[in-house]
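Novice: Chains as they are written, first to last, in my numbering: chain G, 1 to 305; chain Z, 1 to 244.
Note that these hints are calculated values from the structure, not bench results. Computed from a predicted structure; not experimentally measured. Treat the hints with caution; some may be incorrect.
[Unchecked claim] Straight-line alpha carbon distances no greater than 30 Å define the calculated DSS-like cross-link-like pairs of lysine-lysine that follow:
no. : chain 1 : residue 1 : chain 2 : residue 2
1   : G       : LYS80     : G       : LYS156
2   : Z       : LYS137    : Z       : LYS96
3   : Z       : LYS13     : G       : LYS205
4   : G       : LYS199    : Z       : LYS144
5   : Z       : LYS97     : G       : LYS212
6   : Z       : LYS16     : G       : LYS206
7   : G       : LYS203    : G       : LYS277
8   : Z       : LYS57     : Z       : LYS222
9   : Z       : LYS224    : Z       : LYS22
10  : G       : LYS156    : G       : LYS237
11  : G       : LYS293    : G       : LYS156
12  : G       : LYS90     : Z       : LYS119
13  : Z       : LYS96     : Z       : LYS152
14  : Z       : LYS152    : G       : LYS203
15  : Z       : LYS16     : Z       : LYS137
16  : G       : LYS95     : Z       : LYS13
17  : Z       : LYS163    : Z       : LYS65
18  : Z       : LYS187    : G       : LYS205
19  : G       : LYS90     : Z       : LYS222
20  : G       : LYS49     : Z       : LYS232
21  : Z       : LYS78     : Z       : LYS222
22  : G       : LYS203    : Z       : LYS187
Chain by chain, the residues run as shown.
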Amino acid sequence: MVDISVMLCGIELSNPVIPASGTFGYGYEFREFYDINILGSFSFKGTTKEPRFGNPTPRIAECTAGMINSVGLQNPGIEKVISEELPKLKECFNKPVIANISGFSVEEFVYCCELIDNCEQVGIIEVNVSCPNVKHGGMSFGTSEKSVFEVTKAVKKVTTKPVVIKLSPNVTDIVSIAKACEDGGADGISLINTLLGMKIDLKTKKPVVANKMGGFSGPAILPVAVRMVYSVYEAVKIPIIGMGGVSRAEDVIELMLAGAAAVQVGAANLINPYAAKEIIEDLPKVMNKYGIKSLKDIIGGAHNG
Amino acid sequence: MTKGLYNISHNKKIAKDIYEMKLTGDTSSLSQPGQFINILIDGFYLRRPISVCDYDKNSITIIYKTVGEGTEYLSTLKENSGLDILVGLGNGFDTKKSGGSPLLIGGGVGVPPLYMLAKRLIDEGKSVKVIIGFNSKDEVFYEKEFNALGAKTFVTTADGSYKTRGFVTDALHLVGTYSYFYTCGPKPMLKAVYNSCETEGQFSFEERMGCGFGACMGCSCKTKYGDKRICKEGPVLQKEEIIW
Numbered sequence: 001m002v003d004i005s006v007m008l009c010g011i012e013l014s015n016p017v018i019p020a021s022g023t024f025g026y027g028y029e030f031r032e033f034y035d036i037n038i039l040g041s042f043s044f045k046g047t048t049k050e051p052r053f054g055n056p057t058p059r060i061a062e063c064t065a066g067m068i069n070s071v072g073l074q075n076p077g078i079e080k081v082i083s084e085e086l087p088k089l090k091e092c093f094n095k096p097v098i099a100n101i102s103g104f105s106v107e108e109f110v111y112c113c114e115l116i117d118n119c120e121q122v123g124i125i126e127v128n129v130s131c132p133n134v135k136h137g138g139m140s141f142g143t144s145e146k147s148v149f150e151v152t153k154a155v156k157k158v159t160t161k162p163v164v165i166k167l168s169p170n171v172t173d174i175v176s177i178a179k180a181c182e183d184g185g186a187d188g189i190s191l192i193n194t195l196l197g198m199k200i201d202l203k204t205k206k207p208v209v210a211n212k213m214g215g216f217s218g219p220a221i222l223p224v225a226v227r228m229v230y231s232v233y234e235a236v237k238i239p240i241i242g243m244g245g246v247s248r249a250e251d252v253i254e255l256m257l258a259g260a261a262a263v264q265v266g267a268a269n270l271i272n273p274y275a276a277k278e279i280i281e282d283l284p285k286v287m288n289k290y291g292i293k294s295l296k297d298i299i300g301g302a303h304n305g
Numbered sequence: 001m002t003k004g005l006y007n008i009s010h011n012k013k014i015a016k017d018i019y020e021m022k023l024t025g026d027t028s029s030l031s032q033p034g035q036f037i038n039i040l041i042d043g044f045y046l047r048r049p050i051s052v053c054d055y056d057k058n059s060i061t062i063i064y065k066t067v068g069e070g071t072e073y074l075s076t077l078k079e080n081s082g083l084d085i086l087v088g089l090g091n092g093f094d095t096k097k098s099g100g101s102p103l104l105i106g107g108g109v110g111v112p113p114l115y116m117l118a119k120r121l122i123d124e125g126k127s128v129k130v131i132i133g134f135n136s137k138d139e140v141f142y143e144k145e146f147n148a149l150g151a152k153t154f155v156t157t158a159d160g161s162y163k164t165r166g167f168v169t170d171a172l173h174l175v176g177t178y179s180y181f182y183t184c185g186p187k188p189m190l191k192a193v194y195n196s197c198e199t200e201g202q203f204s205f206e207e208r209m210g211c212g213f214g215a216c217m218g219c220s221c222k223t224k225y226g227d228k229r230i231c232k233e234g235p236v237l238q239k240e241e242i243i244w
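Use the sequences and the hints to build the structure in full.
Specialist: Right under this line is the structure:
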């Protein structure tokens, strides 16, 4: 028997597989497909202080080995998420959930985290400073050491829950940004969010998505994620949640070898609603194939020797 | 929704750039006309959402247009090839509101879902009239099939190469009175129908989708009843809720 359990910010997860924010709604809709309690956890749809409709459509473009989205943080707002979405989730998910929070100012991040701090269902807060699809905020918080430090410090003051900062790959030096999060008191780091990308339609000769650019995700970005997790692992002591193009159990193991303590699955959920379930089921098989007895033992394994 | 492997029992060209494909497999998750399926095509990352034209206990008929590399590849697939498909997606047409003499208006690849709808309405004993519009004579399909169901069918072509010249709305004066309408087609056509038809009705919308089952929020739209996802609460919306 292999051991697929992992520890993340003091919480034991039955397995490292976590559907990524924005690809799994608020969870309960996936119970039509399978019992979502088999998941390690999941990160709910990026939530902001105010309700947001998001960007104009088209919001989606297909690319080779991936896709671009410019949804733009559509969500009903933190109050409705707490009063309506979380109770619905409670009926079908009995594990601690990861609350993904976005904002347009430090005050908005603080406001949401303060409210979420009272939600028993939430095990970890994932602060998204890396959304490429919103102006005046979003990714801009995640591209400077000073602002990630400030956001991290401010939210840590208002919550006792572990705070994980979700970082953008669209930066010059991911390591210094990750260090700034650790210095600000972060309990972990999620990386990577989508890469800023663009797709042009040869027939119309114009960008496919209305917002022109969007976040590129899918299998094509896995090597970027592996490289960034690897580099950040060497520089910080806090755990890393690795993500970016994960589609198979093999990818989970690769990111863990690079240094991830847990792994998120994003775009793959959109192509196959059973993706996370199938990855969890495949893990023991793939571990056996590569002579791995316990996932906990392989975290950062690529760095030794 | 069900996810499964479906077998192509035929895949043939029926008009210019238009193909009819019949798939065999589990259809238990389909319940209404106007629902769609989402097809995974080898070598392409996103699935292709295509509306259901007809179905029975173990087969689904779709009609699609080759609009890009994905659908072009789909058109080359041979009989007995397998396809990974999500079936039973979306919220289709509601036949209860139709009254006794509904009018169905379709344009181009918006025509196929109306076939199953016409069949259903006729089964319910209603007198169905249909207007189907195309760009040109070589793109016309399913006129005979609609007539065979017993629906009085009017055809328009934008260039006047077949039957009534103009858009679907140019044939409205030919159909006489109707109790309700159902429509599917390109957005400008839907808008023209919205402005021309005075009864209540239902509209089936198209949008670029990520997942097709409500997870990604890629196809959201605003309605008078709040934000909706074309793939989940749609693709069919009621006339009174639409915001253009």
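Novice: Could you run down the list of hints and mark each one as holding or not?
Specialist: So, going through the hints one by one against the coordinates:
| no. | hint | verdict |
| --- | --- | --- |
| 1 | G:LYS80 to G:LYS156 | holds (23 Å) |
| 2 | Z:LYS137 to Z:LYS96 | violated (34 Å) |
| 3 | Z:LYS13 to G:LYS205 | holds (28 Å) |
| 4 | G:LYS199 to Z:LYS144 | violated (40 Å) |
| 5 | Z:LYS97 to G:LYS212 | violated (40 Å) |
| 6 | Z:LYS16 to G:LYS206 | holds (26 Å) |
| 7 | G:LYS203 to G:LYS277 | violated (38 Å) |
| 8 | Z:LYS57 to Z:LYS222 | violated (36 Å) |
| 9 | Z:LYS224 to Z:LYS22 | violated (37 Å) |
| 10 | G:LYS156 to G:LYS237 | holds (17 Å) |
| 11 | G:LYS293 to G:LYS156 | violated (36 Å) |
| 12 | G:LYS90 to Z:LYS119 | violated (42 Å) |
| 13 | Z:LYS96 to Z:LYS152 | holds (20 Å) |
| 14 | Z:LYS152 to G:LYS203 | violated (37 Å) |
| 15 | Z:LYS16 to Z:LYS137 | holds (9 Å) |
| 16 | G:LYS95 to Z:LYS13 | violated (51 Å) |
| 17 | Z:LYS163 to Z:LYS65 | holds (22 Å) |
| 18 | Z:LYS187 to G:LYS205 | holds (20 Å) |
| 19 | G:LYS90 to Z:LYS222 | holds (28 Å) |
| 20 | G:LYS49 to Z:LYS232 | holds (25 Å) |
| 21 | Z:LYS78 to Z:LYS222 | violated (40 Å) |
| 22 | G:LYS203 to Z:LYS187 | holds (18 Å) |
Checked against the numbered hints above, the structure violates hints 2, 4, 5, 7, 8, 9, 11, 12, 14, 16, 21; every other hint is satisfied.
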